[in-house]
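Put the complex together from the two separate chains, hints included.
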Amino acid sequence: MTRVISKPVARIDGDEKVSGKARFTADVASAGMLWGLTLRSPLPHAKILHIDVSRATSLVGVKAVLTGLDLPDMRIGRQIRDLPILAREKVRFVGEKVAAVAAEEKDVAEEALSLIEVDYDELPAVFDPLSAMEDSAPIIHENPSAYEGAPQLTQKINNVVSLTTKAKGDAEIGLTESDRVFEHTFKTPFVHQAYMEPHACACAIDAAGKIHIWASNKSPFLLRAQVAAALGVSADDVIVHLMPVGGDFGGKGSPMDAPLCYHLAKASGHAVKMVMSYTEELMAGNPRHASVITLRTGVKKNGDLQAMQIKCLFDSGAYAAFKPIPDVNLAAARTAGGIAYRMPAIQIDSYCIYTNNVPCGHMRGPGYPQIAFAIESQMDIVARALGIDPIEFRMRNLVNEGDEPPLGGRWEGIKAKETLSRAAEASGWKTLKKRPYVGRGVAVIQKSPGMSATGANIVIDSSGHVTLRMGVPEQGSGSHTILRQIIAEELGILLELVSIETGATDAIPDSGWGSGASSVSHSMGQAAVKAAKEVRAQLLAEAAELFGVEERLVSLENGDFLIRGVAEQKRIPFQKLVSRLVAARGRSYDVTVVYDMSAGMKGEFSFSGVTSFCAQVAEVEVDAETGRIAVTKITTAHDVGTILNPMTHQGQIEGGLIQGIGFAVMEDLCAETGRALTLNLGDYRIPTARDIPRLKTHLVQNPSGPVPYHGKAIGEISIVPVAAAIGNAIYDATGVRLFTLPFTAEKVYWGLKGRLQPG
Amino acid sequence: MVIDYFEPTTVSETVSLLAKYGDDASVIAGGQSLLVMMRQRLVSPKYLISLKKVGELNGVQEDASGNLSIGAATTHRDAFTSPVLRRGVPLLCQAASKVGSTAIRNLGTIGGNICHNELGADPPQALLALNAKAVCVGATGERTIPLEKFFTGYFETAMNPGEVLKMIEIPSPPPGTVGVYLKHALRAGDLAIVGVAVLLGLETPSKKCREIRIGLGGVASVPLRAYKAEQLLQGSVIGADVVNEAAYVAMSEVDPVSDTHGSADYRRKMVGVFLKRAIRQAADAASKPGSDV
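Top to bottom, those sequences are chains A and F. Quick note on numbering: my numbering labels position 27 of the first sequence as 27, and the sequence is numbered without any gaps. Quick note on numbering: my numbering labels position 105 of the second sequence as 105, and the sequence is numbered without any gaps.
This is chain F alone, in the form it adopts within the complex (with noise of 0.2 Å):
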């Protein structure tokens, strides 16, 4: 049972709530993970301790080289219709879009869903696939953890007990790169069978692939970057053969697991199905000039 509910106003406040309650206290941005294990009694936390107030968790920042910052409770729909993101990580805007239902988006946070790490969420892949670091605070002080240590395990992240995800870093993705997010559920709304997010950026003119990262969500106990397929599609031109084998090998990366949205099996496959289109799709759109998707 909830005993008591706290409203910070600032991070160190926040942290010093964490440090006082420890394994009893909770952070609730938007609720829409937290809520819903403490209603399935996975959790049950006696404090609570919104961060809706904190306003160093809010807002998206740019600097002057295009560097992102974006604070840990911006929700999904801020983040998607957020005119600087769209500008410089539309990828992520893709992903965040993707997200349940519009009410979930409308409450629920980036900084909460790559917390709560749950199999087949959809930004984790994407803000992989941008080398996101994630910036946490504890109350030893602020760690920044690149994200593709962030993710450890089903519901579980690197993050220590008594840290708050305070911002989300993103560096500013190499010009000219095109990044692309599909997503395959069984009814619209639910989690990712197979999420699979690519940025992609071609030489000219020839074509050959100078950037490529794959991130894949839904198909492992974590997120996770394809490195053999990107290596495999790093300095080639991107045609039918190599993006087989990058499926190919991609769908070796990844160990899957059966549940009610589909086996193990079917889950592999996707990823070579959805990788393919994913690369041919943001290969299209960096081939034609001045088009950043």
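Okay, chain A solo, but in the shape it has when bound (with noise of 0.2 Å):
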């Protein structure tokens, strides 16, 4: 039985971010530092001839004026180093960085970029990915796979800079075997994260030519390095300090203005202040990449799934820097998007090409809302040329328990079916009464989170106050509050003894990629169990010491230390004892451990093979005369493990159910010919309060996963079916199909009237 952990405890944080007193990176401010900004391309491919600053350096209360031939010539990435900090032979996509600027004021800094001047001579360009891979295309870079970091292709195609390969079987072969092979292509646009906060870094260089970073950034270990090899100096040489993020979305990875931030420090011996304003994140952020998705499936007449070929042509936008896994694809080609059915025989090719749009990053489960959209509309498409019920094919077809995965493996512990069980009866799906223009859609997949080394520190001090210190930014998760739960549960004392402290990457343990692939509640929450398990072991053998028995006969328990075996049995208020432990040993007590998962896969922490399934129903109305679709219900069905804080579970589950229906149904940065048309966040459309459904959650319990207690992972999956389980409504309540996102009502009423708008 559990004191704190699966109680709804309140936010950590969430007084300070409510009352506006939370300092945010744009808060950062020392005496004299300067404002930097970017003056950025209006083309979307063209040579840079000539660059005049010459107005703008003399320009009163300028300090620094940069162009890229000011910069040692080094490029930057996560991965792959294709980006230049500032653009130098030429600039590849609307809103590349050409200039920077740092300034007294604001608006100087403003007056200076319109003061200088750039003759471009403009290139051919390219805007969609399979034009881009014709033999005739724009070459966007002349020789990708000579940058840093990047992966060797055996083939050249044009403007290919990655090609992911995953297969079982020969797809080929089990689709010539098949009764019928069905082949459809889906397309999804360029999506932003719309976190709050834009991205935003600071920059100083203290006397001892340290580095200091302040970002808007999920992963600071990673950022340290990142901007380490970004100015070719030691990673010790850099100093990241942490700061709340505004909302990430998996959008707060990249160094975005970080090594320029600094070189405009240098230039200008001030330390320098960037914010973007959310005109350039939405022309220049690194927003979810767009997708041409084709697949072939071979099913028998039965229903059974025989084999699939999927070819996913992600647009990469014209740089590649900002992805961040070794193959510098998207993590979701590996596992087809979270395709939760048995298949004899499958393969994914998953090319990212070069075009000359916004270079794209992550968001959110990367890839895998764009290739669920795809498989689960088309298990629709099948089932009901099969004359099958969707959730009976879909039955028909999911891994049970000892099935192999789709893409090979193993998996343990699998509910796929109890989920989409679930999902069916808590939405009426066999008893619902058919209206007319009223429909119903179903998708189901399956995600597991990712992994990554990742320190903890805790500190105890003669207070008795208990400080776990770590490198996992707040990112509005509420990740702070579940591992103050943690150390309080390990430690079995009261949450108000807890606190949680980051401080910056000199003097905090090393957290790995930070936040990311649903994992800290996992990596962090396992580093806190074993740093707190740790110093409670240091504590009952020195009480046990202090009061001369045997260290079995003392234990933690309610905020007490029980001492048995002595005269009488004592129970002493933890902060008594620590005082006068603290006291005894001279220090405060202070452990950092490290937890590896793929160092922990066996025993206690099992990771291997965990993996979580989610299932929903969509409801819609259509409006036959105009085809605006009412999104009326969403019913979610998950399989979970121990949930360690129901309040902040739930609002990961609604907060990507919600983002999800604004990619389905009305975001798009409108970016194919290369500028976003959006460039406000009144043009760039996301759900707002009066466009939230009804929302119903159903949990199929399944304490099993490798988060501590075993739970299990809930970041991101539950943004990845939606668009499916919307699209399939929109067929159900009107025979339409689309194939393209959003769905918006313009889409709609051309499919009524029988002509579909073209792309």
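Hints were generated in silico from the structure; no laboratory data involved. A portion of the hints provided could be inaccurate.
Each computed EDC-like pair below joins lysine to aspartate or glutamate, with the alpha-carbon atoms no more than 20 Å apart [unchecked claim]: (1) 166(A) - 403(A); (2) 106(A) - 4(F); (3) 7(A) - 654(A); (4) 276(F) - 625(A); (5) 46(F) - 105(A); (6) 276(F) - 623(A); (7) 46(F) - 110(A); (8) 46(F) - 111(A); (9) 47(A) - 142(A).
Below, the structure is given as structure tokens:
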């Protein structure tokens, strides 16, 4: 029986954030700190002939003006280093940084930007990945495989930067042996993470030459390494100060302006702060990859899936620098977007292709919502073509305990069918009466968390106050609240005695990749458990010694030490005894541990094979005369382990659903011509409170996960099936099948008129 | 960069400030349009003249004959909650209640909305259907511009530099007329893909249409009246055929553009759909005695 785990404990950072007291990166200030701003390219592809900065340089209040030629000829990136800090010989997308200014006032910096003159020679550009692969396409990077960190490709295709192939069995043969083969192509647009806080960073160089960075960044130790690499210095020379992140959703893992901010600080001799405007975010952030996904799927007449070929074309935009994983592809390629069916044969080929669009990065479940939209839409098409109910079709093909996962490997504790059944029952799939233009659609996927080695440090001072010091910034998910619960639980003390401290990278244990891949409650959670167990053992051993009893006679319960085996059993409050123990040992308790998941895959912290399933049923009502879609209800079912905090858990589920609704019905940067047309949050539509339907969550208990206390990941999974479920519901309501996101009223309208919009 | 900010208390003081600073100055009421334009660097006034303290620009007046005047700085919220307007011109109240979000309606003003003349705004087509007039004041005095001559192009109006909008006059609508405003938008709070305002009155007992005015927004460079569709309906008994025909004619009167909210083709189709709906709703309401909707 746990005391604080599984309780809806309020957010540790709630009061500060709601009251506006929380300090974010844009609030970082020091005497003499300058504003840094950038001049961005208005053209998608052009040679830079000449840049004249003389008028900007002579403006009063301007302390530094930089162009690409002022910087060392180095490129930056999270994996492949293909992005210049400032463009040098040419620009490759609208919004690429061409020059930068640091000035005493923001207005002065803005004026200075307007005084910089750039002569361009426009080059032919390409805006869609299919055309970019053609032999005649404009070449965006002359020799991408020469970039540091570039994946080596066996075949050279124009503008292809990465190709990841995963296969099991022979899909080609599987298709020829199938009774029916279905081929469809699906498209998804660029969408922005739409965090509240735009990217921000500040840089100061101290007297010892150490480079201090403050940044809205979820991976402080990766940032340190990336900045060091970008500047050609040692990681020890870079100190990243952790800041709360005002929303991440996958988008805050890159250095963004930090290396440039350093160069401005160095050139001006002052600390510099850079805060992107939202227009810059929408024009040149690092949005979700647009995609073109073609599926060929073979089935037997009875509905058994036989084979699937998946070809994903991900529009990387002009650079691949924002992709963090070694193959410079999207993680979803390795799991086919979380496909959860028994598949005798399957192959996925995932291409990342340079275009003259905005460079893309990570967003909640990178690649998953795109591929899942394609696959789960097509599963509906196949089921209906075979005259099988879409849920029956899925039940027939979903993995069972003991089955091999679709792309090989091993899963344990599979609850795929239980999860789908729960969604079906809860939504009244079989019982609801059908009305005209009202429809329901289903989708089901699986997703497992990522992993990285993570350190934690616990300090208990003489007052008995416990501090967890660690390197994962709070990016809005509530992770700090959960870590506090874990420490209180393990030590058997009150929450109020525990605080969370982040600090700077020179003073806290390495947190690996920080926040990402639904992994914090797992990686940092297990590190916290490990550290707490270790410090608890020290406390109990030293308490036993103090009272001259055997260690097994000492325990920590409900905030007190219990000492047995003495004349009279003693119950001593935690703080009181800790004070004595600290005095006796002459120093605070200070324990640092590392939890390395890849090393700890056996035994207690078994990680291998644990995944989670999510099934959703969406209900829509369509206005047949206008095509307007009202999403009226979404039922989401999850197989979950122990839930550490039901409030933050539910927040993750509903946040993902709402973001998924945005992806399904409204979000689109409209950037197919290289220019995002939606440059403010009035034009770039995300759901508002009035667009959110009834959301019903149902949980299938399955306590078998890698998170402490047998919990499972929840951060990304709920966004993944939404678009397919809604698309399938639209089909159910109207008979119109939409292959391109978002599902706007207009697309449904033309569909109903029998005239699908091109594209 | 804004150099100075003024808070005049009278219209004449406002006009003097405008005369003094010319093109470098801009008046600001709720700021819901101007601040967005400034943020996007589409305009960069050096002097801002706030209308907040100009008492003459506030409030709704009704004369003995039911003619109304609405101060230009009346917020959308004040407009749609005004008992006088709800009784006299409920059509305008419906349109004002559909503007943006609660926050925007609390700050944004009817005057600012029509002066900004953004594609897809809500009040303009309702005011057109109400035969409203804009009363502007400049250095040379006051002049009244019928609303159908007020809107001249995207973000453009017939107001001259140096003029400030003082109020909007609405003649008392013919008794027994019913107003319906319908808006089609992609998302709650968005600009209208199509906004349709209909003011309709029926003869009794013949049920022939004795008064019909149609204002359309979002579907041409300016909000406009669908005169040809009105002509067709005038004197007819409202039935499916004539409504369909009117919708068809109205679709030919508009000249929409394609943007991120919708294609020109779709906008034109939606004019037909929403005009039919608005006419049917208005005719239904007008057939029920004593119901001013």
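Structure-based check of each hint:
1. 166(A) - 403(A): Measuring from Cα to Cα gives roughly 19 Å; hence the hint holds.
2. 106(A) - 4(F): Holds, at roughly 18 Å.
3. 7(A) - 654(A): Roughly 18 Å between the alpha carbons, so the hint for residue 7(A) and residue 654(A) holds.
4. 276(F) - 625(A): The given pair, whose Cα atoms are some 11 Å apart, holds under the 20 Å limit.
5. 46(F) - 105(A): 17 Å, holds
6. 276(F) - 623(A): 15 Å, holds
7. 46(F) - 110(A): 15 Å, holds
8. 46(F) - 111(A): Roughly 14 Å separates the two Cα atoms, so the pair holds.
9. 47(A) - 142(A): 14 Å, holds
Hint compliance for this structure: every hint is met.
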